[in-house]
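Protein sequence lines correspond, in order, to chains A and B. For the first sequence, counting from 1, position 81 maps to 80 in numbering that gives the first Met the number 0; every step adds exactly one. For the second sequence, counting from 1, position 152 maps to 151 in numbering that gives the first Met the number 0; every step adds exactly one.
I should point out that these hints are in silico values taken from the structure, not numbers from a laboratory. Each hint should be verified, as a subset may be incorrect.
No farther apart than 16 Å at their CA atoms in a straight line, the calculated lysine to aspartate or glutamate pairs in the EDC-like style are these [claimed, not checked]:
1) B:Lys113 <-> B:Asp26
2) B:Lys9 <-> B:Asp110
3) B:Lys106 <-> B:Asp26
4) A:Lys56 <-> A:Asp16
5) B:Lys36 <-> B:Asp26
6) B:Lys157 <-> A:Asp16
7) B:Lys106 <-> B:Asp213
8) B:Lys157 <-> A:Glu74
9) B:Lys36 <-> A:Glu74
10) B:Lys9 <-> B:Glu114
11) B:Lys36 <-> A:Asp16
12) B:Lys36 <-> B:Asp6
To give a feel for the contact side, a few chain A residues facing chain B, derived at Cβ under 7 Å [what the hints assert, rightly or not]:
13) Met0
14) Gly8
15) Pro98
16) Val108
If you want the ones that stay clear, here's a sample from chain B, every Cβ over 10 Å from chain A, calculated [unchecked claim]:
17) Gln2
18) Glu20
19) Arg23
20) Gln30
21) Cys41
22) Arg48
23) Asp51
24) Met55
25) Asp65
26) Arg69
27) Ala100
28) Pro125
29) Trp151
30) Leu152
31) Lys157
32) Ala183
A virtual CB, placed ideally from N, CA and C, is assigned to each residue, including glycine.
Residue strings, one per chain:
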Amino acid sequence: MAIILSETGEHRVAAADGLWLSAAEAERATGWTLKPEGMCRDEACVPLPASEARDGKVDVVAFWQRLGHPVLHDEARETWVLGIGADARNAALAGLDAPDFTLPDLDGVPHTLSALRGRKVFLATWASW
Amino acid sequence: MWQLLYDELKDRNFMIVAVAEESRGADQARQWIEQAKPAYWCLVDTDHRVADLYGMVNVPQSVWIDEAGRIVRPAETAGSTDHFRRMDLTTRTMSPEDQAARLAARKAYLDAVKEWVLTGRHALPPDAARRSQPRITDDIARAHAHFRLGTWLRHHGKAEEGDHHLAEASRLHPDSWNIWRQAADLQEVGKASGPEFWARVQALGDKPYYPPPDLPGVGR
Chain A
0 MAIILSETGE HRVAAADGLW LSAAEAERAT GWTLKPEGMC RDEACVPLPA
50 SEARDGKVDV VAFWQRLGHP VLHDEARETW VLGIGADARN AALAGLDAPD
100 FTLPDLDGVP HTLSALRGRK VFLATWASW
Chain B
0 MWQLLYDELK DRNFMIVAVA EESRGADQAR QWIEQAKPAY WCLVDTDHRV
50 ADLYGMVNVP QSVWIDEAGR IVRPAETAGS TDHFRRMDLT TRTMSPEDQA
100 ARLAARKAYL DAVKEWVLTG RHALPPDAAR RSQPRITDDI ARAHAHFRLG
150 TWLRHHGKAE EGDHHLAEAS RLHPDSWNIW RQAADLQEVG KASGPEFWAR
200 VQALGDKPYY PPPDLPGVGR
């Protein structure tokens, strides 16, 4: 059992030998789908060598690093972070579309930034510390 | 914090999204929010996801987003100034002149937000907005991943291992006050504004703690 922390949330997965995951769990954690041509999302497919995908399973660490994203794990290799690489971040920022996010309010009710499309939005951070 | 701004502009197709970068969670944020619950969105961001997505390094920072969901002013200081750096640390007070200058800069900033909402002024054209975006390096991207792992480990009873990742995050992204101060706060409430914080601020020398945005009347 392992925990994956990714942009799509926190996922509990059955992992072996690093992060070899079933196609279904790999999709849940990464948003990419295993197909004969490789790992695919929307119109894009990234071919994987046989050493990174076999028997319906994917080496998610190798795949994620192939995309240029950082991968970290704790000492016990139980908790993994699938981060987002600098190129992807910079491309998104250069595109000027406000990166979308969903966060809870104080009562735990989720709110999604893009639901405010059509209004001007003043997005501001603060902290108690 | 933004209630007056919101009250003035709420009927002008405008919304405020106030995000608490608060790894201790909603309860920590709650005690700081006005008794009368604001009508604008007050969200809790335990992973500092917004800072990661928008390349923010301090609080308060703001991003202005237009009706089409486009960034028209990238992350910048939201109304705060460096006058606090000259405060008398024994009495925690600022000179009357600094107090006044600080309030004037904040007012000028809020006036600029209002002008943007009402007239569109101060929105940057796309090329200028793009140039003003923060540059994310490989180290910064890794720093955010270490921060995520560090806060998660801390929440799951592994404080020492978590602190190791938080320290690594700060080492990789030394410009992020968010990372350093949140990590200090997780170790001990108050540490984020204690002697180590002031030493770090001093070490900035001539560099700003709150870089002033390029808006009329919002100087240092």
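Quiz prompt | Violations among the numbered hints | solution = 1, 3, 6, 9, 11, 13, 14, 16, 18, 19, 20, 21, 22, 23, 24, 25, 26, 28, 29, 30, 31 and 32
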